[in-house]
Structures are given as C-alpha cells and as structure tokens.
Amino acid sequence: MVDKIKVENLSCYYNKKCVLESLSINVIQNEILSIIGPSNSGKTTFLRTLNRMNDLDSIHSRKGEVYLDNNSIFDMDMEDLRRRIGMLFAMPTPLPMSIYENIVYAPKRLGLISKKPEQDALVVRALKDASLWNEVKDRLKSSAMEMSGGQQQRLCIARILAINPEVILFDEPCSGLDPISTAKIEESMIELKRKYTMVLVTNNVKQASRVSDRTAFFLMGKIIEIDTTDKMFVSPKERQTEDYITGRFG
Amino acid sequence: MIRLSPKLSQKFSYLILFLATTLAITPVIVIIFIIVKNGMSVINWEFLASMPKNGMRDGGVLPAIVGTFVIVTCTIILTLPTGLCAAIYLNEYARDNIFARVIKLGILNLAGVPSVVYGLFGFGIFVMFLKLGVSIIAGALTLSIMELPVIITTSRNALNSVPYSFREASWALGVSRWQTIRHIVLPNALPGIMTGAVLSIARISGETAPILFTAAAFYVPHLPHSIFDQVMTLPYHLYIISTQIPNMPNNIIFGTALILLVMVLAISFVAIFVRIYFRKHRKW
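Chains A and B supply the protein sequences, listed in that same order.
In case it helps, this note's numbering puts the first sequence at residues 760 to 1009.
In case it helps, this note's numbering puts the second sequence at residues 5 to 288.
Since the hints were derived computationally from the structure, they do not count as laboratory data.
This one's a predicted model, so the numbers in the text were calculated from it and none came from an experiment.
Keep in mind that a hint or two might mislead.
[As the list claims (entries may be wrong)] Some but not every residue of chain A turned toward chain B, in silico, with C-beta under 8 angstroms:
id: 1; residue: 765
id: 2; residue: 810
id: 3; residue: 817
id: 4; residue: 821
id: 5; residue: 850
id: 6; residue: 869
id: 7; residue: 922
Note that CB positions come from ideal geometry on N, CA and C, so glycine has one too.
The task is simple: from the sequences and hints, build the whole structure.
Right, here's the structure in full:
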C-alpha cells in the first residue's frame, strides 16, 4: 500500500481564524477515502488545499506540508498540480459550450492533443468512462448547459478523466442530485477506483459507507477518527463519531 | 393628515409614477419632433455629400460628418484595447489591496470630471507639450482619456457578469489563468464589452468640449489628409453655425442637428440590438 498523498501538520486559516488544525492524514493509492463531518468542520477547505484552489483566496493562509508522491505540492507549478489532481465541485460546472468542447477544452489548452481524430477518440473514451456515452452520443454538439444536473455532473467527471489525472477530489458531488443520478455517480466512482485515487467529501454518511474504502471523520477542523469504512461504521472508536454516524447530531 | 383607502392610494401612487415616466420621456420626444420638423427640408443627398458653401450658409456638411467619423474611429482604436486590458487586470489579476482600491476609486472619479477640463488638459499636453498641434490625433487622444474610465467600468461589469464558477472549473482542470481569461471569460464577456464600446462611440460622437481646443476647426476647405490635420466635426460645426455666423438659415442648423441626432441614435440602437442578439444566444 503506497501513500499517494501525505498531509503533515496542515493548518489552514481564513482571516487568521483557524479552520483546520494540524491535520495529518494519508491517502493510499487507488483507494476512495471519504471525509464526513458536519458543516464548518473544514472538509471542503481540506479538499481545496490539496489542489491549491485556496491559493487564490487572499484571506487564506496555511502552515504544514502536503506531499504528492513524496513531492511537496506547494513547490509544484500550480497548473501541473491541478492537472494531476482533478476536482469535481458540489454544483455541476459545465462550461458554456458544447458537450464535445467541454471535454476537449482542457486537453487542448494543455497541449495534450491536437488532431481531430485524437480529440474524437478522447471524447468517446472519457464519456464512456464516466458512463455518459449512451445518453449523449447523438448530441455531442449540443450545449452542455441543456443537460440535466446529473448528466452535467457526469460530464464534469468525463472532463476530469480527459486530462488523465492521478487523483480526483469530489466535493459533495451529489448534493444537488436525485437518488438515481447519485447512484450513477457512485457507480462511476467505484468503476474508476482501478485507475485513480479518490477523496470524497460528503454530507451523506450513507454515501461514504457505500463507496469508500476508508472514512475520516472531521469535527471543528480536527480529525476525530480515521479507519476502514467497515470498522468505522460497525464499531467506531470515538463516541462523537458514533453519534454523528447514527444521526444523533450533525 | 388625510388617510387614503388602500385602493385609492394605489391608484394615486400609480398615477404619480406614470406621470414621472411621461415627464422624463416628453423632452426627448419634443426635441426629436422639433428638430425633424425644422431640419427635414434640407436633408438630401447634396447636403450629406458636399462641402459647405457661401460662408457655410449653403452647401452640405460632408467634412463635419467625415471629421466626426475619423475622430471617433481613432478614439475607439486607442481606447478599447487599453481599457479592456486595464479592466482585465483589475478584475482578474489585481489583489484587493490599497493600490488596486486607489486605482478603482480614481477610475470612478475620472468619469465625473467635466469634459471641458479634459479639453484643456488635452490642449496643454497633446497640442502644446507634445507639439501635436490642433489635430485629429490630439483630439482623439483627449477623447480617449475621457472615455477610458467609462470603457474600463463597462468592461469590468461585463467580465464580472461571467460566473466565477466558470473560472474555477477551468483552473481546476489545470488551465492557466490567462488561458482561462482568453478562452472562457473573454468570449462570454464580449457582448457586454461590445455594448459598452458602442455606447461610448455614441457618447463621444456628440462631445464638443474635449475637441474644442484640440482638434476642431472652424472651417477646412478639404477633407482631412492625415491624422495631423485639423477637422470639422458635427457637434462643433453645429455650435459655430448656430452662434457665430450671422444670417444663418434656420433649416441648415436644424438639418445639421438632425444628422448628429440620427447618428448618435443609430449607434445607440446598434448597441441595443447587439445586446438583444447576444442575450438570445447566451449559453448560460
């Protein structure tokens, strides 16, 4: 078991207010790590630190280190890092262009592909991997903004897969979706586990238990417990974890 | 105090609001009516396409139309790229610090400076100091400085109207900030930027004070040969023929005003159509 991401003593602040306190955690290669916890527990901040989306926020500051394959992510070029660590947002964020263009947009900008046949092949592969191909194969040229929310979210997954990252971060990816769309996204995630390492932030405790290998419980910017999902949901060590999982608070 | 019944007060308020609206639009209609009524008789091809004759009491307004067109074109060529770049910097790159705030405040205040002050400034800097003389280029530079804050403000609004989530989505895919601006933000902000630019054109076509000392000529017997020539312009020509020339036929004055009015209105309508077109075709 190889550590893909290693976080050491990470603290994050917004306007000097501490939102993550000396956090140490690792993400193992090809696992799905779920992060659960109530609002304000620092889950999203943690996730956005991993691909440095926080860096553009002028009121944000941090201490500590994060390593990707033993290299500090803070020494890396920001664009290279984000190419290696993709991110799916809570709300679907299709770009205002066609389905086809949404997928080839980043690879074209990054210079990964150029020729038309390559692009076509990439679109097919990405859409199939995100299990969206059958639904949209006849309307690749139509606007992505006209798709349903669930389809848009899967398109965003396809878009991430097209740049072939190593890690994918999911920030409450199903919070705005119906149960069927949620199930489809969860299916894709399990399918993708073979190739990618994934971190899933979710408000839905059941979702964590369904898809993840390990689960971490965050509370007030601290990590309370981390264990394999089976153990965590059957016999949590901490009282607070048990209360949260069973729905007694949060 | 009299207490009106809810129904009556509703009717009363409606009446006041409606009257205020009518009052606001009445002068415009009256102006257009008077100008059209008095000026329509002189409008023909010859008036549009010939030089003034007989101490401007006869003939056409061609050099003034050409002059206005040239000066406005030069101005927009100077202003739009500069203003757009500044807007991109302020909106997409500048951090929220003292420096940026001072610049933003400065831009807002510059938009409120009276146009005659710009005229004097342009005369001092471009005509005298840089020795450009009274010329198209000096006038265009003066108008540019005046219009820059407006272009920056409208462009910034257009950039701001592109949802932040588009930028984040693009950054999260490893696309650089500049590429995001170039391929996501700018194409989607373009309608707003264009509308702002066209309205600016309409505004500067009617400006007199900034070009009074920097570009405008009382009378030039030929069309401009280069950007270092003086020119006649419609607003200045209108000012001259209505105040400086005795026994000026009234219908020529109103005819000139009509042409200026039609020009400005036509440009504004272009802006409105651009906006309607893009709003219909907007993708989000």
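Q. Close enough to count: is the Cβ of residue 810 of chain A nearer than 8 angstroms to one in chain B?
A. holds (7 angstroms)
Q: Identify whether the interface hint at residue 821 of chain A stands, where standing means a beta carbon of chain B within less than 8 angstroms of its own.
A: violated (17 angstroms)
Q. Holds or violated: residue 850 of chain A as interface residue toward chain B, Cβ cutoff 8 angstroms?
A. Where the cut-off is 8 angstroms and the nearest Cβ of chain B is about 7 angstroms from residue 850 of chain A, the hint holds.
Q) At a threshold of 8 angstroms, is the proposed contact between residue 817 of chain A and chain B supported by beta-carbon distances? A) Because about 5 angstroms separates residue 817 of chain A from the closest Cβ in chain B, which is inside the 8 angstroms limit, the hint holds.
**Q.** Evaluation of the interface hint that places residue 922 of chain A against chain B, nearest CB under 8 angstroms
**A.** Cβ of residue 922 of chain A sits 6 angstroms from chain B, so the hint holds.
Q.
Is the interface hint satisfied for residue 869 of chain A? The criterion is a beta-carbon contact with chain B at less than 8 angstroms.
A. Holds: closest Cβ of chain B sits about 6 angstroms from residue 869 of chain A, inside 8 angstroms.
Q.
residue 765 of chain A was flagged as interface toward chain B. Is the shortest Cβ-Cβ separation under 8 angstroms?
A. Hint violated; residue 765 of chain A Cβ to chain B Cβ min 21 angstroms, cut 8 angstroms.
Comparing the model with each numbered hint stated earlier shows that hints 1 and 4 do not hold.
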